[in-house]
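2 protein chains.
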Amino acid sequence: MQNYKAPLKDIQFLLHEVLEYDSLKNCYDQELLDSELCDSVLEECAKFTESVLSPLNKVGDQQGSKLIDGKVKTAEGFKQAYQQFINGGWNGLISSPDYGGQGLPIMLSAATEEMWHAANMSLTLCPLLTRGAIEAIEFAASKELKVKFLPKMIQGTWTGTMNLTEPQAGSDLSAIKTKAIKESNHYRIYGQKIYITYGDHDFTDNIVHLVLARLPDAPPGIKGISLFLVPKYLVNDDGSLGSLNDIKTVSIEHKLGIHASPTCVLSYGDKEGAIGYLIGEENRGIEIMFIMMNAARFSVGVQGYAIAEMAYQAALSYTKERKQGFPIGSKEPLPILYHPDVAQSLLGLKLKINACRHLSYYAAKMLDLRRSSDDSEKEYSSQRSDLLTPIVKAFCTEIGNEICYESIQLFGGMGFIEETGVAQYYRDARITTIYEGTTGIQANDLLGRKILRDEGKAIRLLFTEIENTLIEAKKITELAKIALIIDEALCDARASCEHLISNTTLYNKYSHAKDLLMLLGWLITGWLSLNESLVCVSKKSISDNKKEFYSQKLRGLTYYVIQFVPQCGAFKEAIVNNLILKDYSDIDQILGE
Amino acid sequence: MQNYKAPLKDIQFLLHEVLEYDSLKNCYDQELLDSELCDSVLEECAKFTESVLSPLNKVGDQQGSKLIDGKVKTAEGFKQAYQQFINGGWNGLISSPDYGGQGLPIMLSAATEEMWHAANMSLTLCPLLTRGAIEAIEFAASKELKVKFLPKMIQGTWTGTMNLTEPQAGSDLSAIKTKAIKESNHYRIYGQKIYITYGDHDFTDNIVHLVLARLPDAPPGIKGISLFLVPKYLVNDDGSLGSLNDIKTVSIEHKLGIHASPTCVLSYGDKEGAIGYLIGEENRGIEIMFIMMNAARFSVGVQGYAIAEMAYQAALSYTKERKQGFPIGSKEPLPILYHPDVAQSLLGLKLKINACRHLSYYAAKMLDLRRSSDDSEKEYSSQRSDLLTPIVKAFCTEIGNEICYESIQLFGGMGFIEETGVAQYYRDARITTIYEGTTGIQANDLLGRKILRDEGKAIRLLFTEIENTLIEAKKITELAKIALIIDEALCDARASCEHLISNTTLYNKYSHAKDLLMLLGWLITGWLSLNESLVCVSKKSISDNKKEFYSQKLRGLTYYVIQFVPQCGAFKEAIVNNLILKDYSDIDQILGE
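Same order as they appear, the protein sequences are chains A and B.
What the first sequence shows, in the numbering used here, is residues 122 to 714, in sequence order.
What the second sequence shows, in the numbering used here, is residues 122 to 714, in sequence order.
Treat the hints as calculated values from the structure; they're not laboratory data.
Be a bit skeptical, because a hint or two may be false.
It does not matter which identical chain is meant; a pair holds if it fits inside one copy or across any two.
Said to hold, decoys possible - BS3-like, lysine-lysine: derived pairs with alpha carbons at most 30 Å apart: (1) Lys179 with Lys194; (2) Lys126 with Lys595; (3) Lys126 with Lys667.
Chain A on its own, in the form it takes in the complex:
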C-alpha cells in the first residue's frame, strides 16, 4: 500500500509564483496573506494527511461503516483521526472569525482540501459537508441559530449534513415531499431522505442536518421549498445537549466505493415529528441550498483530481519498482517506467493532475476575489467564478476518473487485485462525477445559466483574455508552438459557443452541453498552462538555483498542450455538425427499441 506524499513543490509553485497568493490584498488582512504563514499551513497539512489520514484509507475501505442497533459505527481509527483533524484546527480554516474560524483564503483552503481528499476521501467527506452547512447558516440563518450552532460546527465538535434527495426527487428537487409544519417557534419535519453522507456516525456528540422540506401551504415546485436546521440532539439554551430528536437512521448503502463514508437513509418524524428551525425565509430554501451546493461542487472538483494524484503516486511508485524487459535504448533490464508507453502514460497523468490543480486554484482565487473591496474586481470575479464552478466540478472529476482508470492499467494484472490498493481509488473516484450534481447537470448549468442567460457575455470576456495571453506568448519563440495550438482551440471554442448561442434548436443546444463543457475545460487548462509557461520562461532566465525546476515545468506544460488540447477540435466538430436528435421524442425512433 502506497502512502500519500503531498506534492508541496507543485502546490507552492502554483499558489505563490503563478497565481500570486499575496495579490488578494483587497480581500483579506495582510497578516493572513503572509507567505510564510501559508507555507507553514501547507506543511502542517502535508504532515497530518501523510501521517494520520493516509494510513487509515485502506482500513476504511475494508471495514466500511456499519449500522449497528440503529447507530453508525465507523471504521477503526476514524473517530480518533477525526478528533486529531479538529484539534489541528483544520475544520474552520476558511470560516468566519466571528464564530471561531480562521478566515483564511479559499486558495489556501483548496490546497489543504486537496491533501485531505487525496489521503482519505471517505473521512474528509465529513468536513466537506460540514463546511457546506456552515456556509448556508452563515449566509442565511438567524443570529440566534448562528450563535447556537456555528461555533461548534466551525470547531468541528458537531458536524453538518445536506438533506436534499428523496427517492422520487434527485436531480429534480421540485419533487420533494418532506413536510414541515409550523409549531410555535419551530417546525415539525416528516419525511424520508436518502443519500445522506455522514447522516449518522460516531465522530461527534451531535449532527446538524440541513433539510429541504415543504410547508403545507407552499406553492408547488421549486419555489415552495424551505430549508430547516434539524439537530440530531436538541440543544438547550446554555449550549448543552437536550433530548434525541425524532430522526431515525433506517439503513446505510452498500456502495461501489467510499466504503468508510456512511451513506444513510434518514427518516424524519416517525413519532412526534422532528423539531427543526427555519433557515432564512419560508419557501426560499433552494436559493440557500445553492450556497451549500456551490461550495460543495467546488470541493468535489478538488476531490476529483486529489484522488487521482493518489492513484498516480501509487502507479508511479509501482512502475519504478517493477522490472520487465529491456526498454528501447537500454542494454539492461530496467523498471517499466522506462518503456515508452508507460513513460508517456505517466507523464500524461501527472500533467492532467497539474492542469486540474491549476484550474481549481484559479477558480479558488476568483472565489476569494468576490470579497474584494474593489467593486469592479468583485463583479468580475463573481461572474468568472460562476462560470468556472461547473467546469471545475465536472472537468476535474471526469479527468480524475480517467486517471484512476489509467493508474490501474499501469499496474497491469496487479491493478485488478484489491490488495494493491489502486482499485480502491478507482472505485472511490467513481462517485465524484455523480454527487453534488452529475456531469450532465453541471453541463446544463454551464450552458443555460452561465452562457445562454447572458448571451455569452461572460464567456466572451474570458475568450478575450485568452487572446491577450496569446499575443504575449507568441512573441516568445519557445512558446510559439503551444500558443498556436491554443489559438486553434480558442477558435473552436468561439465557433462552438456562437453556434450554440445563435443557431440550432433549444433541444440540440443542450444535447451538446457536455461536449462544450469538456471543450472549455481543455481550452481553459491549456490557457492556464500557457500562463504557467510564461512564468517559467521569465523566471528560468533569472534564477540560478531553480533553473532546472522551471525548465522541467516548461517541458511538461508543452507536453500537456500538444498532447491534449487538440481534442477541442473534435468537440467543436461534434457540436457544430451533429444535429441528429430533432426533439425529445426522437430518441425512441433512433434507438429503435
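Fit chain B to the supplied structure of chain A, relying on the hints for placement.
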C-alpha cells in the same frame, strides 16, 4: 437487476446483410453456411444466455469463488449452468469435427461469444480459455495427445487453462523460471504460476493446463521456453482418470471484478514433480502459445463490448423508468431518457457498441477467410487479421470500459449502489484491457509487428480500400457529409503512419503506439460504418417492410461518424507534434522526481 436480452436484430443485420456470412464459400462446406442454420444457432444461444447464464451473473459477483481445503468451490448454480452449456454443444462450436467439434465459422462463433460474455463473463471465461488450449493442441500437439485430450476438451467435460505468468514474468515471458525435466516419455514440471483463470474449479472432473516452462539446457530468453500439457488428473490409456498430478492450488485472488471466476496461484511439483507432456518441439513454446493468445485476444475484444452491451441495456432500462423533471419541449414529466444529455449519451453508447461489434465480426470474417481454398484470399485475410487482432482487443476493451463507466453515470446516485448491478459490469470490464496483453502491449504489437515490420505494406492496403469506399460513398448525397469526415480521418491516419514509419526516433515511435491504435480504431470503425450505411442506402429504397429499420440504422451510423470520428485529428496532432520524451532516461528529468 436487469436481465440480458440478446440484440439479435442488430447481430443478424451485420452477419447477413453487411458482412455476407454466406460468402465464406471457399472456406466452409455449403451446409454449414446455411443462413437458417446460422439464425437458429443465434436464437438458441440467445435463449440459453438470457435464461440460464444471465440470471446467475449477480449471484456469482456476490458469492465469488472460494478456496476450501485446497479446492475451488464456484458460486451457486454455476456448475449446473456449465453442464447445460456443454450439453447444449456450445463448447465445440468452431472446433475440428475430427474430434467432435462442429466446425462452424468464427463469424458465427463471435456472435455467440458476445452473448455468453454479455450474460455472464465470469462463467464464460472458462470456455474462452478452454478454446485457446484446444487451438494450441490442434495446432501443435502429437496425434496421441490430440486423441487423448481433444474430444473431452471440445465436448467441455474437461476444461483448459493457460499458464504463462509468474511473479517476475508478466508481459515479459522471457523471464519464466518454471522448470521442466525430461523423464522417459514425459517431463516433470516444477514452479509457480499466477493469474491462472479457472486454474481450479468444480465444473468438471479434470482440467488440462498448458504450461510454459524451461528445460535445463534451454537457451536463455524467449527462445528457450517450451509448452507442456499438464493434466490435473493423469489420464490412463483407456481414457479413464488416473492419479492426481502434483499440482496445488495455493490461493485465489481477491479481485476488483469477475468474482465468480477463480484466479489461481498454482504450484507445480511441490512433491515428486508434476507430470507434463511436450506440445510441439522443445524451445518452441512461445510460438504455439501465441496461437492460444491470438484466439484469446480476439475473444477478449468481444468481451469488451459484450459487457458494455449489458451495461447499456441496464442504463437504457433505468432511464426509461426513472422520471425527473420536464424534458425540453415536453409539457409533462417524462422519463430521463428524454432529456437531451441523457438521450445523447445513450445514443453514443449504443452506437459505440455497434461499431465494436462490426469491427469484431469483420475481423472474425478475416479469420475465417484464412481457411480459403483461394491462395490470394488466404494471404490477404491472414495479413488483414494480423493487423486487426490488436485493434479488436485494445479498442473494443477500452471503449467497453468507457461505456460501463458512462452507464453508471446514467443511473446517477443509484449507479454507485451495488444493489443496482451496473457497478458490477464496471468492475468486471476493468480486467479486459489488461489480461491477454495490456492495451500498451497490443499497441506495441500493432506498431512493431504489424506496421513497422513490413514498412507499412498491410496498413497502406487498408487505406487504399478505405479510399475506394469513399469514392463510392461520395456519389451518394446522403453519405457525402460522413464521407468527408472519414476522408479527413484517413488523411490523419496516413500522415500519422508515414511519420511513425519514416521520421522520428524509435523511442518516440513507441511513445505514440497507443495514440495510433486508437486513431486506427476510430478510422476503421468509421469506414465500417460507411460500409454499413451503403447497405442501408441501397436497401431502404427497395425494401418496404424494413424501410424504417434501414433509415434508423442510417441515422445512427451518421451520428457515430460525426460525433466520434473527428477524434482522429487530435491523435494525429499528438503523434506528429509531440516529441517531448527524447529517450528512455528522459522521463526522470521531466517528472522531476
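Of all the hints numbered above, which does this structure not satisfy? Sort the numbers upward. 2
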